[in-house]
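Protein chains in written order, with my numbering: chain A, 1 to 349; chain B, 1 to 349; chain C, 1 to 349.
Just so you know, these hints were derived from the structure itself, not from any lab.
Keep in mind the model is a prediction, meaning the values are calculated, not measured.
Here are the simulated lysine-lysine pairs, DSSO-like style, with alpha carbons at most 30 Å apart: (1) B:Lys-107 <-> B:Lys-250; (2) B:Lys-320 <-> A:Lys-320; (3) A:Lys-107 <-> A:Lys-250; (4) C:Lys-250 <-> C:Lys-107; (5) B:Lys-250 <-> C:Lys-107; (6) B:Lys-107 <-> A:Lys-250; (7) C:Lys-250 <-> A:Lys-107.
Partial list, computed: chain C residues near chain B (C-beta under 7 Å): (8) Val-124; (9) Tyr-156; (10) Pro-169.
For every residue, glycine included, the Cβ atom is placed at its ideal position computed from N, Cα and C.
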Amino acid sequence: MDRISQTWATAADGHAPVRFADACLRGAGQVMLQNNPVTGLLILAAIAWGAIRTGTAEVAVGALVGLLAGTGTALLLRVDLASWRQGLFGFSPLLTGAALPTFLAAKPLLWAYVVLGAAVTTVVTLALSNVLNSWAVPALTFPFVLTSWFLLMGAYQFMRIGAGALSRPALPATTSPESAHVSLTFDFLATGTLKGIAQVFLLDDWISGAVILVALAVNSRAVALAAILGSAVGTALAIGLGAEATAIGKGIWGFNAVLTAIALGAVFYRPMPAVAVYTLLGTITAVWVQAALTTVLAPYGIPTLTGPFVVATWLFLLPKRHFAPIPHHKRHGDGTMLTTTAAAPPHGS
Amino acid sequence: MDRISQTWATAADGHAPVRFADACLRGAGQVMLQNNPVTGLLILAAIAWGAIRTGTAEVAVGALVGLLAGTGTALLLRVDLASWRQGLFGFSPLLTGAALPTFLAAKPLLWAYVVLGAAVTTVVTLALSNVLNSWAVPALTFPFVLTSWFLLMGAYQFMRIGAGALSRPALPATTSPESAHVSLTFDFLATGTLKGIAQVFLLDDWISGAVILVALAVNSRAVALAAILGSAVGTALAIGLGAEATAIGKGIWGFNAVLTAIALGAVFYRPMPAVAVYTLLGTITAVWVQAALTTVLAPYGIPTLTGPFVVATWLFLLPKRHFAPIPHHKRHGDGTMLTTTAAAPPHGS
Amino acid sequence: MDRISQTWATAADGHAPVRFADACLRGAGQVMLQNNPVTGLLILAAIAWGAIRTGTAEVAVGALVGLLAGTGTALLLRVDLASWRQGLFGFSPLLTGAALPTFLAAKPLLWAYVVLGAAVTTVVTLALSNVLNSWAVPALTFPFVLTSWFLLMGAYQFMRIGAGALSRPALPATTSPESAHVSLTFDFLATGTLKGIAQVFLLDDWISGAVILVALAVNSRAVALAAILGSAVGTALAIGLGAEATAIGKGIWGFNAVLTAIALGAVFYRPMPAVAVYTLLGTITAVWVQAALTTVLAPYGIPTLTGPFVVATWLFLLPKRHFAPIPHHKRHGDGTMLTTTAAAPPHGS
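Only chain A is shown next, with the shape it has when bound in the complex:
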């Protein structure tokens, strides 16, 4: 394994196409804040599997097109090469590319929308990183969220795009006891929790979730643990508070909790008991923010995407100067805010 990764690292240093492939693979990994091409490769496999299995192959194609277009646009804009090589310009466009075919009807113009959307996501990544540098917090997936919200909401105004698969715009209504009724079987809980991990990539498939969990464990077991616990907390909270049952079963209440738990509990703060409690509070907040944003977006029929993760993580990263036990630990990857992960490259360069 070490030999292969050494060979790969040397090839990436010496050959532009390999370097580009490496940046793209790391970009896939960076959706989960992991700077590791093997993690990225496994994640791409999970996306392909999940998309084909659920009969939505265009989502996998969109993710790949977004990843390539976004990473390529960044090269054209001559971004900081060290950040680029870590995949930091790939993860948001990948998600934009996955989201558009998921929520819009697949018409010919959709694919121009995806390519242009990925390019704009890269510009937005640079813009938001510049703004957020003032407080030393990363943009996370917000470039994806902002760009995709614009593109999805704009679709109503353009007949040749159209808001095909979006929810029907409606004023918010209280969840009824009937729709909140769940049967607490092991199967429901286990698949819901694994799907919560897969839903980071908009996939309703528990096997994809399991593969992504393996992909995380390849890079860091702490991260994999945070992911599964985060999904469990999000799902359990949704059941306990009485969220709509169908959504729970699809893992909808897991994915923002997964990302928040990884970010706070295993990447930006050093794992320790106080951080675990703080991360739990942050993860609960992500679930609340998801509920609130679901209400806010109901009149527009568009999804929260990973907005709740971003809001909750920002709120729990920003106090860091004041959070006494933290400042003493060196935050991984500090220096440039485009370095959103701490893990050293697996091939030790």
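For chain A, the structure is supplied; the task is to place chains B and C on it using the hints.
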């Protein structure tokens, strides 16, 4: 009086429980930007009176629980102790604790919501203060507003919380001449203006308003004057422009104006004729922003809370470098933005 | 010509009323980011012509009142005189003054609303400039947009203002093929594109658009070219994507593209091939953001105003540190962010 306060100050310095009680009392005062435990005590009395009188004792309990939980969470997060002792971590959680039982149905889970909401409000206070430090403006009550908006909007998604006492979500509609009709009696104007002060704490009770006015005068007569004038301006403007009459009578158009008038006219700028004119414009702006936010939030059925005060005050504090007569005066409490009030502690430490 | 402008410059230096008139004229020019009193004069003529021709003289009166009130308020607030003389405190209040009579019913109180709105716009200009200075980007027309959104949304709550000419609040709906049907005649395209320029000032009149184009060419032919190309791109994109045909014919899909193309392609970056491509992407983004904001604002029945221009331009200015070919060129007018234009005064002071 001086002797008592001296004794209290000494006790607060030497004994942790007294120090905690002192921070909580000052926290109650800081809702009105006053750093004074006597003001805080009178305000707590006004809350208790008003809540019991209007048959909503749970609002007073919520305020107290929020105050204690928020102040306690800040200790656990090891915040800056000087700011903590001034009550700067108490006022927003107090309001979160008062708002949730006011607008949500009182189910068992509500109280977990209140405690957790107060804790999150403290984290949000740290986060927003860090962001706003860049421009040397305070977070004011925005941590309360943001957290409570999240919690109230989220309630729709959770059957076991439920949006009980919120307004019915609806598209905005123009106020009709009938609903805007008011009888301009002395009684209507006087109780409306006093209730405008009480509504800072969500209380529909004019005696509470009068007690709070006394509480302010204990610390600063200029502040009390700003409060009553602010409420009068807000109420008069709402009558003049033709707002809904029932809301005017309850003091709904007063409370944001009260807080804005105090902040601009008596705390952050030194009182003088030019500042009085500027404060009047700012107070009028707060009323406008309240009208706008009422429209924005209509589809969600949730209240503006003190959001309009925060927006208007930020807009009128941010130009301060350019507002020629102001920079020459020392702004009270500068240095840390968590110091949101200028008044020296009444017991001269 | 040079003699006249020399005489004017001398008069402005020596006489307060001429200086005020000069600042107002430049303020009219600054709506299009041009610091030139002749450009401003022609723009004011275009506004007068268009407003009278479309039977909405109150819009021209509002624009003038806003320009005078805003520029005057800035004097009272003792703002930076160099910025003031460049018209940087005139353009946003001018637009506020034009927008309010356009969208609200003309009742007596409207005019108090306009004057107060212009004054508040000036305060908001100072506030936002202070915030945005942190990233060296200008506030653009956002003070106008924010203030007018507040004033328009607030109108629902006040019977004596009323939301007269606003759209009917409604949940967003997909554009139908029928309403998107356009006849691609030369007349439709030519007047639509020219109206796109006039709509910056809320005017549905192609002759006004032509006059404004001349006004721009007086100061800079590159700016005039960017304006007409921007309007063409916006209009073509709206036709291609299938936007509502009536709106396209009125130039509604042109004005945000016009301003974005001017800002990115001819003012803040030095014109060159790479910048042209970047500007094209930014202009397309402005059209998307306009579609998205149209959806967001549908439940409130209020227009996007120039919000999409501001958002798109900010997103494409903020990455400037990273956009390799740009940092080497001196950005015009840097130093104070209130200097939003680069063009040297035509009378060479």
